[in-house]
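Using the sequences and the accompanying hints, generate a full structural model.
In the order they appear, the protein sequences are chains A and B. The first sequence begins at 13 in our numbering and counts up one residue at a time. The second sequence begins at 15 in our numbering and counts up one residue at a time.
In case anyone wonders, no lab produced these hints; they're calculated from the structure. Keep in mind the model is a prediction, meaning the values are calculated, not measured. There may be inaccurate statements among the hints.
Derived DSSO-like pairs: lysine-lysine, alpha-carbon spacing no greater than 27 Å straight-line [claimed, not checked]:
1) A:K51 with B:K286
2) A:K149 with B:K384
3) B:K287 with A:K51
4) A:K51 with B:K76
5) A:K67 with A:K81
6) A:K51 with B:K291
7) B:K355 with A:K51
8) B:K98 with B:K76
9) A:K206 with B:K87
10) A:K81 with B:K384
11) B:K98 with A:K51
12) A:K51 with B:K27
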Amino acid sequence: MTEIELLSWARGPGLQIATVIFVAGIVIRFFEILMLGRKANLAEARGSEMSGGLKTMFTRTVPDRATYKRSAFTITAGYLFHFGLFITFFMFAPHILLVKDIFGFGWPSLPTPIVDAFAVITIISLLAVLANRLNNKVMRYLTNFEDLLTWFLTLAPLVTGYIAFHRIGFTAPTLLAMHILSVELLMIVFPFTKLMHAFTLFLARWYNGAISGYKGVAS
Amino acid sequence: MSASLDKGISALKQQVDASVAAFFSSCVHCGICAEACLFYTETGEPERTPINKTEPLRRIWKSEYTLVGRLGKMLGLTKKVDHKLLEEWETLVYDSCTMCGRCSMVCPVGNDITLMIRKTREGMAAAGHAPAGMIGASKRSVEIGSPMGVRLPALRAQIKHVEADTGLKVPLDVVGAEYMLLLSSMEIMNFPEFIEAIAKIFEKAGASWTIATEAFEATNSGIQIGVSDIAAELVQRIVDAAEKLKVTTVISPECGHAYTAIRWDGPNLVGKKFSFKVRHILEVLDEMRQQGRLKTSGMESGKLTYHDPCQISRRGGVIDEPRRLIDMISDNFVEMPDHGKMNWCCGAGGGVSANERADELRLKVFQRKKDQFDAIRPDAIVSACSNCRIHLEDGLEEYNMDIPLLSLTETIAEHLAD
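Okay, structure coming up:
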């Protein structure tokens, strides 16, 4: 297989396979969760499930001050790499062009040097996240293979993207193929690992907020 | 209560619902919940991290209710729930958790970890891995009607004293009374002043009330150990008595988990809506205050603070009521850091106080409460849970701190206006 063939495979069938697994996987996971249902609460309500649920979906994005103080590094590094992922993924001109190609719509991009800087920041913060995971005794205790795998698969597209953009080491088609393949790997693993939290956290927050809201309790 | 691993596994399966699945799907192992748990902050032992306590339930969810888990199970790759795991987890699930709910407040993905631990207990108990002290308390609750073995004659004896002291009648089994008062065994045996306070306050307020001789116990060991059948049976006794006496409102006394048991879990345990209301005593008193039926005179001397019992404040939502009531009797009220919905647990809730094995641990983690008290150095601590009260007194003694513990209801009664 030549590098051009590899690139076309990654862009064509590879992307199709990854997309099908990604979308079907997410649908299956949501089905798996929601199918289990939840018993109706028979206690006299003091508040509303809906308002509690909706509120908590947003409020959990920001930690309270005491919690932040106790887990400052984890929270800061966490914010940083999530924000960096968002910028590099959604604000990079070539990515937006790809979306426009497929879906027919796009949005304004950030200047490339800024996205480039964010890529570096994100990579550094992901390295810090790993160091923290291995250093912090609670995180080290909780860490399993999946945590390391998903960390690696999240980092890989950033690194391959950065290398591809700066054309380091290999020729352009090979670099781009590597980048696309690393994204596809992430997409395939995504629905079946903790990466799913990107979607299910809204469900989880809703349930927590709804359970509390029903009781008229803050959450 | 015959127990087996099969029963434990099937109990765990029954506990998995959409919320549990969403919670486990969302956990990223960030460890932030550890910092919200006094059993971690005061011991520094990572296995006491809240989410780790749910491991038996997680394994069942993963292997039974996810595609990947089921595939893994077919290939023999998933981690099993066995006696070894449950034995190892027993001290984490029972001794190291008071169901205080603080972890559920800080989880960034929104997991109600406390609920997950509560559900894990159902499997632990069904498999025979619950602490002996809690099994004993549950047994006494079912057989005698009280976790401490308090029988009706003991209550009658205390009532006789109260009536002699106050000259007031403590009404028993009055059909059509507005309020039916529940009591914790702890109140009957250690704090009969509580009954006295109710008699005085309700007399002044002109409210009709009664105690049911067939169901006076408020606590629910079934909730704590995690056996829904027992919990439901204990709730049903109260429902039967309240329906027989045709009362409007059942009052949950100064006891944390009793409120959760009867107010929030009760109807769900017996599977039907109540025909009466359930209110915590502080809600009732605050309502009387609002209606002008509760009037006080004079102020407490010295600096007061309020210890929020977890099940009443954080998990129960009764946070403003005690503060409005304290305002009636104190002009020197000071909040502790992390008060209200983020208050730190006393360390003895959720059945920990019924579990002698955990005695040393609960006194160790009391250091967190001590720090909170040290921050404001109150002259007295007011609270509204007799279990908190007993343990706080224990802890203060252990740490050589001389601060009196007051019941809010009793203190209000002392200030009743003539």
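Structure-based check of all given hints:
For the proposed pair A:K51 and B:K286, the alpha carbon gap of about 12 Å is at most 27 Å, so the pair holds. Of the pairs offered as hints, the one joining A:K149 and B:K384 holds, with about 25 Å between alpha carbons and a cut-off of 27 Å not exceeded. With a C-alpha separation of about 13 Å, the suggested pair B:K287 and A:K51 falls inside the 27 Å cut-off, and the hint holds. Between A:K51 and B:K76 the CA atoms are separated by roughly 21 Å; this keeps the pair inside 27 Å, and the hint holds.
Between A:K67 and A:K81 the CA atoms are separated by roughly 23 Å; this keeps the pair inside 27 Å, and the hint holds. Of the supplied pair hints, the one linking A:K51 and B:K291 holds, its CA atoms being roughly 21 Å apart against a limit of 27 Å. As the CA atoms of B:K355 and A:K51 are separated by approximately 26 Å, the hinted pair is consistent with the 27 Å bound. Proximity of B:K98 to B:K76 is assessed by CA-CA distance (about 19 Å); at most 27 Å being required, the pair is judged to hold.
As the CA atoms of A:K206 and B:K87 are separated by approximately 19 Å, the hinted pair is consistent with the 27 Å bound. Taken as a hint, the A:K81 and B:K384 pair is honoured in the structure, with Cα atoms around 20 Å apart against an allowance of 27 Å. Restraint check for B:K98 and A:K51: the C-alpha separation of about 32 Å exceeds 27 Å, so the hint is violated. Taken as a hint, the A:K51 and B:K27 pair is honoured in the structure, with Cα atoms around 15 Å apart against an allowance of 27 Å.
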